[in-house]
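Visitor: The residues making up each chain are set out below.
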Amino acid sequence: MKSLVYREIPGRSAGFYALLGGLGLFVLAGLTAAYMMDKYGHIITGMNDQIVWGLPHVFAVFLIVAASGALNIASVGTVFSKTIYQPLGRLSALLAMALLAGGLTVLMLDLGRPDRVIIAMTHYNFRSVFAWNVFLYSGFFAFTAIYLWTMMERRMGAYKKSAGVVAFVWRLILTTGTGSIFGFLVARALYDSALLAPMFIAFSFSYGLAIFVLVLMAAYAWTGRPLGDLILQRLRKLLGVLVAASLYFVVVYHLTNTYFAAHRGVEAFILLHGGVYTALFWIGQVFVGSLLPLAIIFHPSLSKSRSMIAFASILVIAGGLAQMYVTIIGGQAYHLVLFPGYQEASSFFDGVNHHYTPSVPEFFLGLGGVAITGAITVVGMKVLRFLPESLDDQAVDPHAAAKPS
Amino acid sequence: MSDTDKSRRKFIGASAAAVAGLSIAPGVSLLQTAQARPADQAASSKNRWGLLIDSNKCSSGCDKCVTACFTSNWVKEAHGPTDSQWIRKVDLKSLSNGKSHSLPVMCQHCEHPPCVDVCPTGASFKRADGIVLVDRHICIGCRYCMMACPYKARSFVHHPLTDQNPEVPRGQGTVEACTLCDYRVDRGELPACVDACNQEGNGAMLFGDLNDPSSEIAKRVATENTTQIRADLQLNPGVRYEGI
Numbered sequence: 006m007k008s009l010v011y012r013e014i015p016g017r018s019a020g021f022y023a024l025l026g027g028l029g030l031f032v033l034a035g036l037t038a039a040y041m042m043d044k045y046g047h048i049i050t051g052m053n054d055q056i057v058w059g060l061p062h063v064f065a066v067f068l069i070v071a072a073s074g075a076l077n078i079a080s081v082g083t084v085f086s087k088t089i090y091q092p093l094g095r096l097s098a099l100l101a102m103a104l105l106a107g108g109l110t111v112l113m114l115d116l117g118r119p120d121r122v123i124i125a126m127t128h129y130n131f132r133s134v135f136a137w138n139v140f141l142y143s144g145f146f147a148f149t150a151i152y153l154w155t156m157m158e159r160r161m162g163a164y165k166k167s168a169g170v171v172a173f174v175w176r177l178i179l180t181t182g183t184g185s186i187f188g189f190l191v192a193r194a195l196y197d198s199a200l201l202a203p204m205f206i207a208f209s210f211s212y213g214l215a216i217f218v219l220v221l222m223a224a225y226a227w228t229g230r231p232l233g234d235l236i237l238q239r240l241r242k243l244l245g246v247l248v249a250a251s252l253y254f255v256v257v258y259h260l261t262n263t264y265f266a267a268h269r270g271v272e273a274f275i276l277l278h279g280g281v282y283t284a285l286f287w288i289g290q291v292f293v294g295s296l297l298p299l300a301i302i303f304h305p306s307l308s309k310s311r312s313m314i315a316f317a318s319i320l321v322i323a324g325g326l327a328q329m330y331v332t333i334i335g336g337q338a339y340h341l342v343l344f345p346g347y348q349e350a351s352s353f354f355d356g357v358n359h360h361y362t363p364s365v366p367e368f369f370l371g372l373g374g375v376a377i378t379g380a381i382t383v384v385g386m387k388v389l390r391f392l393p394e395s396l397d398d399q400a401v402d403p404h405a406a407a408k409p410s
Numbered sequence: 050m051s052d053t054d055k056s057r058r059k060f061i062g063a064s065a066a067a068v069a070g071l072s073i074a075p076g077v078s079l080l081q082t083a084q085a086r087p088a089d090q091a092a093s094s095k096n097r098w099g100l101l102i103d104s105n106k107c108s109s110g111c112d113k114c115v116t117a118c119f120t121s122n123w124v125k126e127a128h129g130p131t132d133s134q135w136i137r138k139v140d141l142k143s144l145s146n147g148k149s150h151s152l153p154v155m156c157q158h159c160e161h162p163p164c165v166d167v168c169p170t171g172a173s174f175k176r177a178d179g180i181v182l183v184d185r186h187i188c189i190g191c192r193y194c195m196m197a198c199p200y201k202a203r204s205f206v207h208h209p210l211t212d213q214n215p216e217v218p219r220g221q222g223t224v225e226a227c228t229l230c231d232y233r234v235d236r237g238e239l240p241a242c243v244d245a246c247n248q249e250g251n252g253a254m255l256f257g258d259l260n261d262p263s264s265e266i267a268k269r270v271a272t273e274n275t276t277q278i279r280a281d282l283q284l285n286p287g288v289r290y291e292g293i
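These protein sequence lines map, in sequence, to chains A and S.
For what it's worth, our numbering labels the leading residue of the first sequence as 6, then goes sequentially.
For what it's worth, our numbering labels the leading residue of the second sequence as 50, then goes sequentially.
I should point out that these hints are in silico values taken from the structure, not numbers from a laboratory.
The beta-carbon is built from N, C-alpha and C at its ideal position, and this holds for glycine as well.
Check each hint, because a few of them may be wrong.
As the list claims (entries may be wrong) - No farther apart than 25 Å at their CA atoms in a straight line, the calculated lysine to aspartate or glutamate pairs in the DMTMM-like style are these: (1) A/Lys44 x S/Asp212; (2) A/Lys44 x S/Asp184; (3) S/Lys106 x A/Glu349; (4) S/Lys95 x S/Asp231; (5) S/Lys142 x A/Glu158; (6) S/Lys148 x A/Glu349; (7) A/Lys166 x A/Asp402; (8) S/Lys125 x A/Asp197; (9) A/Lys44 x S/Asp132; (10) S/Lys175 x A/Asp234.
What the hints assert, rightly or not - Between beta-carbon pairs, the in silico distance windows are: (11) S/Asn214 x A/Ala249: 54 to 60 Å; (12) A/Met126 x S/Thr276: 39 to 45 Å; (13) S/Ala271 x A/Ala284: 18 to 24 Å; (14) S/Ser94 x A/Thr127: 48 to 54 Å.
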């Protein structure tokens, strides 16, 4: 392979500033929403004492899960020595940190007392999965930054493999922690499963890769740099495998839950008669987010089309948001059973499934997090050397490119 | 003063004394089980404060315990989805025999509280005497405890608050729940809900020290058929029920 040349995005194009301005507007809208939630209280959101985590958590957890997944492209290159992925390592690490920053911002601004967020760093309860996550997030930033340094600084190149291994192991622990936020909740029937941790790892692989593919395609298209089919087709196949792996976990998870008599109620709610949650599960998570992209990715002719690869990636992201909505909000909407064998009724909504309608501030807070991710990525690519000048087939793998197809 | 006036005065005086006696008596004499703790003395693990609720004595239409809790703790919200409810009446109907029960549910003050386990800052904590509380100074409002509580016992303050009971600090953006009226218990008084139930003459709620074998609650828990909500989780709640 000839040596790759990484370049900042040069010039001062109107398109770049328009993109940055648009993202800035969404960031501003998100911050305004957070200010209003802080001033007037969570009363202006759709959340209540039954659905305590709403749309901001859907966005936040999605971004955090996708963050660790976005780092995998770098890991495949460094840890598993797949040279074709190595030119993508820098962007992979940048996107991972940007996604985590966006997700954590939403999570932090959705707190009842965001002004006290520093307390989460001065007072620790080491039995809390949340407290573990504070360390896991900080560690992820630190280890990914060091890994990025070893990729970008020639003199640090000797440490790239070690840094890559540490970052890879750390990201697996991080997503285990994210899944366990729910997995450790023994009280709620939809959670309370050790399977949530590996399932979230599978989700992270596919969501992170789908976002990476879109960012890569957009960056190369908008800067006019060549992006070859060779790398794109490899990413397409990898996405297919990861979406299939996610679907496998979803099937096993619901099958095991259905087998436990105590969990049949919540399974029937999600799979059969949960209204919006059932629709989001079957149409959003399973069809739009899994089956349709799989059909496109492995279709003999559609899979060759770049726009269809981009479309499949968008579908995976949409399915991922649907999955988070079903997992986070659907899991709370199903009522807690306090007295098995009894019909329960109270002024506090015992015995009935709970309603939740997301509000405009919540929506903008979530989009604000996405915009922060976008802004960090765009500015990063503009000022530092994250993108190779060319990712055409010859640059990526001359031997494979020379082979007759 | 005429004889008529004298007898009227006697009658009014006697009536006032009787009314005062009736209203104070349940709190100070027969049903007084707790002892005041000096302000400079920490809660002791020698005590384990608890409640025993007899659903046979609790009627469906009565919500005196709920009203007393709201009044005593200055929880002034209504009963909407975003309004705090530290205690609620739950009506039960058996799916097998149709038998009905009514009982109050509040924080169960578990020995192994999931809310305390999950709280990232340690704001959710358990006193040495078993009362589970939220430290409003370090609660960041993440609501993870509400996700973890199997009893739906906690509420989140969704809006700005005014006019609070100085003994019961509350705060917008923080989580709150039944405190077992810790400030009253520390003074040697009964929790407001228990007091109200007694004053109503129901006697469905018994407060006491589960660690003291001579206390009525410990004796009844030892000898009678009592149950715990979600006993399968083995959280060993301080609130026990009988009659269901």
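Visitor: State for each hint whether it applies.
Guide: Hint check results:
no., hint, verdict
1, A/Lys44 x S/Asp212, "holds, 18 Å"
2, A/Lys44 x S/Asp184, "holds, 22 Å"
3, S/Lys106 x A/Glu349, "holds, 18 Å"
4, S/Lys95 x S/Asp231, "holds, 16 Å"
5, S/Lys142 x A/Glu158, "violated, 70 Å"
6, S/Lys148 x A/Glu349, "holds, 12 Å"
7, A/Lys166 x A/Asp402, "holds, 21 Å"
8, S/Lys125 x A/Asp197, "violated, 35 Å"
9, A/Lys44 x S/Asp132, "holds, 18 Å"
10, S/Lys175 x A/Asp234, "violated, 60 Å"
11, S/Asn214 x A/Ala249: 54 to 60 Å, "holds, 58 Å"
12, A/Met126 x S/Thr276: 39 to 45 Å, "holds, 42 Å"
13, S/Ala271 x A/Ala284: 18 to 24 Å, "violated, 52 Å"
14, S/Ser94 x A/Thr127: 48 to 54 Å, "violated, 27 Å"
Of the numbered hints stated above, those contradicted by the structure are hints 5, 8, 10, 13 and 14, listed in ascending order.
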